[in-house]
Amino acid sequence: GAVVSQHPSWVICKSGTSVKIECRSLDFQATTMFWYRQFPKQSLMLMATSNEGSKATYEQGVEKDKFLINHASLTLSTLTVTSAHPEDSSFYICSAMGPHSYEQYFGPGTRLTVT
Amino acid sequence: EDKVVQSPLSLVVHEGDTVTLNCSYEVTNFRSLLWYKQEKKAPTFLFMLTSSGIEKKSGRLSSILDKKELFSILNITATQTGDSAIYLCARWDQGGKLIFGQGTELSVKP
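Residue numbers (my numbering), protein chains in the order written: chain A, 1 to 115; chain B, 1 to 110.
Bound-form chain A, shown alone:
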């Protein structure tokens, strides 16, 4: 099946710094990718929909200036958490819509800890 990778798999950063997370579709082109956040013991919450070559669509309550999304190519979307704070510590997961548009493939996730 299709493979989606994320990098890094975990990161620790200091409060106030920015962190970039990459999401790559390895063996298919993904015009649409999604970014989710998952807090401990909670479900996945959709943050934004990322379309190649256009601006991301953010869900209600998600600050677009804080969570910068760039989908510059058909195989790469990036999420940058700017001026991170401890409350941004979470598990961030991306998914990519497959070529047939009826399946989503999830990356392995990135665990962010902000100290």
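It is worth saying that the hints were derived from the structure and are not from the lab. No residue lacks a Cβ here, since even glycine has one placed at the ideal position from N, Cα and C. Each hint should be verified, as a subset may be incorrect.
[To be verified] Pair ranges (Cβ atoms, derived):
1) B/K68 / A/W10: 15 to 23 Å
2) B/K68 / A/K14: 48 to 56 Å
3) B/A78 / A/Q42: 23 to 31 Å
4) B/Q94 / A/Q42: 19 to 27 Å
5) B/I73 / A/K20: 38 to 46 Å
6) B/D17 / A/E52: 17 to 25 Å
Place chain B on chain A using the hints.
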């Protein structure tokens, strides 16, 4: 609204038991209902249900969708310790977005 509600939120059973997990959803923009299993990392796909009343099976797991009553169930028979995980259902809407339920945390004791 986008709500997807799962029940129970957690469940503890013994190996060999059969479990039924429930998922109800709101109908707005509905395309399909999906089930995922999540262990340590990202969710892994189990089933996609689009048509009502058609059971999907994979080994000891099966699932069915009722579009009239807006719910789905996931059955696991003869549970094993390796079935311990969080089971997530998600409504997939016409725009491609997945709206997840809270998940059911299943723990299977030996």
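Hint-by-hint comparison with the structure:
1. Here the CB-CB span from B/K68 to A/W10 is close to 44 Å, at odds with the stated 15 to 23 Å.
2. Separated by about 53 Å at the C-beta atoms, B/K68 and A/K14 satisfy the suggested range of 48 to 56 Å.
3. Taking 23 to 31 Å as the suggested C-beta distance range, the pair B/A78 and A/Q42 conforms, at roughly 30 Å.
4. With their beta carbons about 26 Å apart, B/Q94 and A/Q42 fall inside the hinted range of 19 to 27 Å.
5. At about 41 Å, the CB distance of B/I73 to A/K20 agrees with the hint of 38 to 46 Å.
6. At roughly 46 Å, the beta carbons of B/D17 and A/E52 sit outside the given window of 17 to 25 Å.
This entry does not satisfy hints 1, 6, going by the numbered hints stated previously.
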